[in-house]
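A.B. asks: Listed below are the residues making up each chain.
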Amino acid sequence: MLERVVLWARTKSPWALHLNTGGCNGCDIEILAAFMPRFDVERFGIQLKGTPRHADVLVCTGPATRQSRDRALRIYEQMPDPKFVIAVGACAMSGCVYRGSYNIIGGIDQVIPVDMYIPGCPARPDAIIDGVVKLLKKLENS
Amino acid sequence: MAVVKTLLYLFVYPGLLFLLLYSTFCEWVDRKLYARFQNRIGPQYTGKQGILQPIADFIKLLVKEDIVPEKADKTMFHFLPVFGITTVMTAGLYLPLWNVSSIVPAYNSFPGDIILVAYLLSLPTLIFFLAGWHSTNVFAGIGGVRVLTMLFAYEVPLLLAILGPALLAGSWRLAEIARFFQHHPSLLIVNIIGFFVGLITLQAKLERVPFDIPHAETELAGGTFAEYTGRGLAYFRLLTDIQMVVGAGLLATVFMGGFPGGILLGLFHFIWKTLIIIALLSLMRAGYARLRIDQMVEFSWHWLAPLSVIQLAIVLLVKGAL
Amino acid sequence: MNAETLSLRLQESFGTLAEITVTGPRRLICKIASDQLKSVVTRLRKEFHFTHLSTISALDLTDRFEILYHFADSELCLTVRTEISRETPEISTITSIIPGAILYERELQDLFGIKIKDIPDNRPLLLPDDWKEGNYPLRKDWTFQMPLETIPGDDHSEK
Amino acid sequence: MKNKITIGPQHPALKEPISLRLTYDGDIITDADLRLGYTHRGLEKLAEGKSYIQNLYLTERICGICSHSHTTAFALGVEQLMGIEPPKRGTAIRTIIAELERIHSHLLWLGVAAHEIGFDSFFMYTWRDREHVLDILESISGNRIHYAINTFGGVRRDIDQDQRSTILEQIAHLQKRTEYYLNLGKTEPTLTARLAGVGKLSKEQAIDLCAVGPTTRASGVAQDIRKDDPSLSYPDVPFEIALSDTCDVLGRVVVRIKELISSYTIIEYLLKNLPDGEIRVKAPRKVPEGEVISRYEAPRGENIHYIKSNGTDKPERLKVRAPTLANYPATVEMLKNVFIADVPLIFAAIDPCVCCAERVIELVDSHTGRPEIITMSQLRTEANNYYRKKNIRNKEYLWPW
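Protein chains in written order, with our numbering: chain A, 3 to 144; chain B, 436 to 757; chain C, 10 to 168; chain D, 1155 to 1555.
Treat the hints as calculated values from the structure; they're not laboratory data. Glycine residues also receive a C-beta, built at the ideal position from the N, C-alpha and C atoms. Errors might be hidden in some of the hints.
Claimed, not checked - Residues of chain D placed beyond 12 Å of chain A at every Cβ, according to the derived structure:
#, residue
1, A1350
2, G1351
3, N1427
4, A1437
Stated by the list, open to error - Quick list of in silico lysine to any residue cross-link-like pairs, SDA-like style, CA-CA up to 20 Å:
#, chain 1, residue 1, chain 2, residue 2
5, D, K1381, C, P34
6, D, K1357, C, S105
7, C, K55, D, E1358
8, D, K1357, C, D82
9, A, K136, A, G122
10, D, K1462, C, L37
11, A, K51, B, R666
12, D, K1199, C, P137
13, B, K483, A, W10
14, C, K55, C, E21
15, B, K483, A, R101
16, D, K1357, C, P161
17, A, K51, B, R720
18, A, K136, B, G482
19, D, K1462, C, L68
20, D, K1468, A, R101
21, D, K1426, D, D1390
22, A, K140, A, I31
23, D, K1199, C, I29
24, D, K1204, D, G1465
25, C, K149, D, E1202
26, A, K136, C, P161
27, A, K139, A, M118
28, C, K126, C, P137
29, C, K149, D, R1434
30, B, K708, B, F631
31, D, K1462, C, G33
32, B, K467, A, L50
With the rest of the complex left out, here is chain A (with noise of 0.2 Å):
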């Protein structure tokens, strides 16, 4: 029984920091209006959080280059379990059209571990949204 409500409020009520790792931008901005009232992800209980201490879901949007590999690595560390982390957008995914540049590794997943791949070039709010709520569903009947 505690093990269902444990996972009915791990469900409802993830908290997401934003991580850039060189991408071009186009992803963040499309972020940052799934927040704003047209699509507002609060209804799910998402808030967006300053530091990676408080925060459940990290949110990576851009192509993983060598130079910000250890960032990466050092805020996914900070962050207390359980964790889960969504590649917003083609680069997070795979390095999109950066795919096989000397200074790219690839996408998110070869630094951290990924648990929801959200694509589109940018990706639209509305799928970021989309994307959120299958990591929920998945997480309720894992």
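Please arrange chains B, C and D on chain A, whose structure you already have, making use of the hints.
C.D. replies: Relative to chain A, chains B, C and D alone:
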């Protein structure tokens, strides 16, 4: 029989259980109103209309991993949030809700308990400062120092505003103040300035926008609670919720004539009066942008303090005329 | 002052030093030897008021490097072309004449390994700090094989 | 500025790595240095491995805000190499999208600059009006940010009759909003007082350091690629270069507002007499041997592409120089011997993208050499406090309208 009543008083009605449930309900009201003011919907899918959202946040934080910075003092780090909640809960006991005998001074209502409640409500500010100082994160320390600088700005006007009605009613006992204004409801209008000063300073005490300077200024590092995760953070959020409820209850007792009637009627009055105050706080939170620390201090000394002194002058005049 | 008249004026003022060709309505190419670079650039700036240097691009032609300085004024765009050998890829700096060229020259040093003589600021510009010395990404012979990616889903399936 | 904050290297929310190092002495910055490369993605090496059509997709994603400018420059260059000429209507649509992008980029920049000096309501206004431009772009090209409307030989989307009328309405609405911004300068003295005299860049410096775009036009240098090297349908559109000679951030604001107004007139002119006919011409796959330089006036300045082809379908060499790289030497000059309080505004005056606005700055004390990291939001609030204490209300500056 009296022992059962006291236990009931301590643990169920105005005590532990009621405060916990009611403060989560108030947080939900606040978040919903705040969202509606920004023509958003706010929490929607946890429970009916998102009413269980604060409870979900609380439980989630309870089960999260609890990271303690290694240089921080372990006992202090864990002890502070719990100590904060106890101070605010005891402040909640002194609101004249139920089982308050008007003649014989009992443990939950005695002459001078208004000063005790005001003091207990301002203790959490000191706790925030210590929390920031003990978490050895430079930014949290800075946030803590700013919490203290804000304390001096809003504490004096708040006390002056509360003392206005106490002077008018001629007693320091919350129960008697409430009863006085129940008998002369027309005198409530006299304290209208004090009511607004009280509202603004309560907003500052709760460190909510436009006065959330310690958090916002170091928003990048999450303010005084930067290092708290899991249980500590859950307790601190609960602490601010209960502080909001008890503060609103205090303002309702002093400025809106308390909660007449027995257990049920008193509860009904308590709920609708505190909800009005919380709605006003939420309106303030949505309406204003964030002030800077020097603007906040200047605002309180240029406007709030003189206003509350004028309020006291009016009260003395009216008292003379009575 | 369209391209043809300017090319004639350039031709007789530089004489044998440079060959001028017109390659488009507002495009001029001026081919010079690499040691003439400083004198030509100063004269371009003084006499012909070519003050704005758009950028410097370099070409790796397997046996030699070709460096193009793109100048521009309010009518047309002049490209000064020089060649340097691959063994001793060295060219003198022009920041003394045009201070704005500093970043483009540092970029050449980073990506092509072309040594710029007496450049005022020699630090790397674009490459990450942990970049091994000696390999220059934009050279044709430098190839890069993307490291084998670990597909997160894979190791779960083996378990 | 005396309260020194030292933030440990493992600062939990270090969003953007250090890219600005300032050495200061007391309140004055003595030396500034920019470290690029944090977003270096090795684009030019990639381009040599991709075909021309793939490169069109690649150049779109160099910068999130002015994506159209890079694809237009690249497409113009390759079309010259191929020797094909896009039809009149295609070029006109391409110019309309270019001007729409200039409007949305300028509105975005005006908001960020106002945010730097603590004038947040202006920030909200400009970004709210920017949504109109994004809606227009989405109605034409289907995407808010990367429109992908360019292809070799013309454009891929057409503008039909009712789209044309909605765009004209929206442009009229935006014109009213821009008038509001114009006389905002008069009614709000602190706006001009905070912007004037900050970030000085004299005309000689602007010319020496090869600055481009509004930064150099604000110092009186009449350099606008739409006039110097006219391509697309600029030759037959009546407009003049926006100039100002105050050589500071106020000049850049003035130049950008003037350009907003001229962009509205260009779009209206083009929409009213949009030539009919085809929007695209067939383009061969293989590009004949040759090399070309194509220049384009991006919202932030001159954008130059050098393309060398070797007859195959992959370019031999693609050199791209974005406008902001040309402005960096000028920025380093501007940051010297100014107050620390002016740094956020000067940096916002050239900062290319929104999410990097949260730059982290390393202040090195010239006496002790002790580096101290401070985030831009701290510096911004301290800067605003600094200026409030100096109460600059009494200085009056001419707002040109």
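A.B. asks: None of the hints should be skipped; say for each whether it holds.
C.D. replies: Hints versus structure:
no.	hint	verdict
1	A1350	holds, 30 Å
2	G1351	holds, 31 Å
3	N1427	holds, 33 Å
4	A1437	holds, 21 Å
5	D:K1381 / C:P34	holds, 14 Å
6	D:K1357 / C:S105	holds, 18 Å
7	C:K55 / D:E1358	holds, 14 Å
8	D:K1357 / C:D82	holds, 15 Å
9	A:K136 / A:G122	holds, 16 Å
10	D:K1462 / C:L37	holds, 16 Å
11	A:K51 / B:R666	holds, 17 Å
12	D:K1199 / C:P137	holds, 16 Å
13	B:K483 / A:W10	holds, 14 Å
14	C:K55 / C:E21	holds, 16 Å
15	B:K483 / A:R101	violated, 46 Å
16	D:K1357 / C:P161	violated, 55 Å
17	A:K51 / B:R720	holds, 18 Å
18	A:K136 / B:G482	holds, 19 Å
19	D:K1462 / C:L68	holds, 9 Å
20	D:K1468 / A:R101	holds, 17 Å
21	D:K1426 / D:D1390	holds, 13 Å
22	A:K140 / A:I31	violated, 26 Å
23	D:K1199 / C:I29	violated, 30 Å
24	D:K1204 / D:G1465	holds, 14 Å
25	C:K149 / D:E1202	holds, 9 Å
26	A:K136 / C:P161	holds, 19 Å
27	A:K139 / A:M118	holds, 11 Å
28	C:K126 / C:P137	violated, 23 Å
29	C:K149 / D:R1434	violated, 35 Å
30	B:K708 / B:F631	holds, 15 Å
31	D:K1462 / C:G33	holds, 15 Å
32	B:K467 / A:L50	holds, 17 Å
Of the numbered hints given earlier, the model fails hints 15, 16, 22, 23, 28, 29; all others are met.
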